[in-house]
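Protein chains: 2
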Amino acid sequence: MATIKDVAKAAGVSTATVSRVIHNDSSVKPATYKSVLDVINKLNYTPNVLARQLRTQKTKTVIVIVPNIRNTFFSDIIFGIENCARKHNYQILIADMHGQPDIEDYYYQAIQERMIDGIISLSANVAKSLIEQISDQYPVVVACQYLENYNIPNVTIDNNKAATAMTEYLMKLNHNDIVFISGPVEMTLYRDRMNGFLSATASAGIPLDLEYVRYGDASVQSGYVQMKEFLDSRKPFSAVFAAGDMMAIGALRALQEAGLEIPKDCSVAGFDDIELSQFVDPPLTTVHQPCYQIGETAFKKLLKLMNKQQIEAFHNVLDFSIVTRDSSAKKGE
Amino acid sequence: MATIKDVAKAAGVSTATVSRVIHNDSSVKPATYKSVLDVINKLNYTPNVLARQLRTQKTKTVIVIVPNIRNTFFSDIIFGIENCARKHNYQILIADMHGQPDIEDYYYQAIQERMIDGIISLSANVAKSLIEQISDQYPVVVACQYLENYNIPNVTIDNNKAATAMTEYLMKLNHNDIVFISGPVEMTLYRDRMNGFLSATASAGIPLDLEYVRYGDASVQSGYVQMKEFLDSRKPFSAVFAAGDMMAIGALRALQEAGLEIPKDCSVAGFDDIELSQFVDPPLTTVHQPCYQIGETAFKKLLKLMNKQQIEAFHNVLDFSIVTRDSSAKKGE
DNA sequence: TTGTACGCGTTATCAG
DNA sequence: CTGATAACGCGTACAA
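Protein sequence lines correspond, in order, to chains Y and W. Our numbering applies: residue 8 is where the first sequence begins, and numbers increase by one. Our numbering applies: residue 8 is where the second sequence begins, and numbers increase by one.
Keep in mind that the hints were calculated from the coordinates and are not lab data. Misleading hints may appear alongside valid ones.
Here are the simulated DSSO-like cross-link-like pairs (lysine-lysine), alpha carbons at most 27 Å apart as the crow flies [as the list claims (entries may be wrong)]:
id : chain 1 : residue 1 : chain 2 : residue 2
1  : Y       : 67        : W       : 65
2  : W       : 271       : W       : 242
3  : W       : 49        : Y       : 94
4  : Y       : 67        : W       : 94
Here chain W is said to cover these stretches of chain Y; the calculated rule only asks that three of the stretch's residues, wherever they fall, bring their Cβ under 8 Å from a Cβ of chain W [stated by the list, open to error]:
id : stretch
5  : 200 to 206
6  : 259 to 270
7  : 279 to 288
Quantities reported herein were computed from a predicted structural model and do not represent experimental measurements. C-beta: ideal position from N, C-alpha, C; glycine also.
Input sequences plus hints: build the corresponding full structure.
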């Protein structure tokens, strides 16, 4: 591998000049500029990033903490982050938590050792203690949810409002006995969705029965189990609203296994609009989140933070939309 | 951030001694060892990885090239790689190709600049030209498939044999008109599966009708479209074998949209056994691959390569299994 | 058992 | 417009 010294020697200039050429320093005389560039190409020289990083104390690397890459919802956001990062010559390091909190420590170490320029967390809670420890050392942006009691910039949709909207939609279809299946309520995101559901039903005068409000982790498996458990209670219901599509798909499966026809016997709604939602049978009514845009916005925000620029808004709230598909229908139709 | 110098000064020793303590050099006198360690803890000192890397010319970082993280099949393998890597103090960098070949160049650059210790590719083909260029510079392991004409160590199941087994299973259920839906045939993995299918049907004396053999990309969408196209041909069929679960799910959707009941009117089989397969309706019969083990094996292999150790086998072939679920049944039942 | 001193490949400052 | 040269933080011969 050719180094800057090799280039300097071959071009008959100093390393300083080569460095200037690399950085497009306009003070270099066009003639020398060209000759240096020729040598660079001839030797196929690429600057050693490690050395550069050591010198500049910048890594151009951002770590993205994600609860679980196996949920395509997160991969979609990562896609947005990554594309945007690449445009700005940043690299992203994906820290998958797998829902195993002990992995936090490992990444905390990694962050300490590896000089990371910034952090985007898609999971204020899985990595909560980690985030807390580092939010004063590093630029941090939280996406999809927010962390209570910490002033960390974030990018989300209005989960409360979205859940309210979906609940209202279901109620408009004459569903009054709606089962709400939630993810971990320690996460503000799920709490907001639950609150949205609760306030919507309350406003409609539907009395609260906690048997109808369930929660577990956010997996397909969890949705399946939660639904089964509710079915065991033998309470009447005509609709299920799961706070995540993965859970909704699990619930769908449990309902179908129990012999229910969707949407004839029961309407089902999800949240997130992951790719798969349109391919399950029946296609899932859900809340669409602008994943790519969330990722993009989060990175841009982080970029400003890293460059010590002023951020225009502390909290970006992006638009959601209700996507109606065949899994929901008017009650009794 | 404290540096090695700070520690040395505070402990009243040289930086060399501190370095020795960090590396557990047994030549350090226990007393000094302890006092240095105390200072390290007191100052909360962590070695600067950048400097260390620059010095040792090793990054302890492995890049994992993945066609598309949105397919949980890949995330499962990544999980295996990552867990194993972490145990050996390696970091992984995920290079998601998104099926966009132009992204290759970007990562090629990244590999050049960033001194990566090794590469695991889950996609010999999406990143084909990249792999070719670097397989002589860096330790490379290919998982899930192999690259023709290149002697690159790999870890796979026997795709051909697995597809044969699944086809035989379907034929045993009296299905003779089987639609085969494949991913990109440039990929050896899909070609092997297709060959397995073709040889199984040929052995059974089923005449070849190319109308029954289709291919596209490996997405849900693609499976959906391919199935639709076949349905338009109005040829008789009683089973569909898709060379990937995502495609199988797309096909399932298309069949159900066309009013077919699964498995009564048509059996459907997939390949990979992604988490979701058991949660679609009906649950999918499929070929199970030991994803975690594939990832683990691939990393261990790469580790040996990076350490210039002898690898015991050039090609690891792991076991698959046929998982039968409700999407398949005896013809006419 | 410990310290000295050089080099890894850059960038940035300062002088010319 | 260009060149010396000093860092960046660490590891490691070599010397003591």
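- Ascending list of hint numbers which this structure does not respect: Going through the list in order, the structure violates hints 3, 5 and respects the others.
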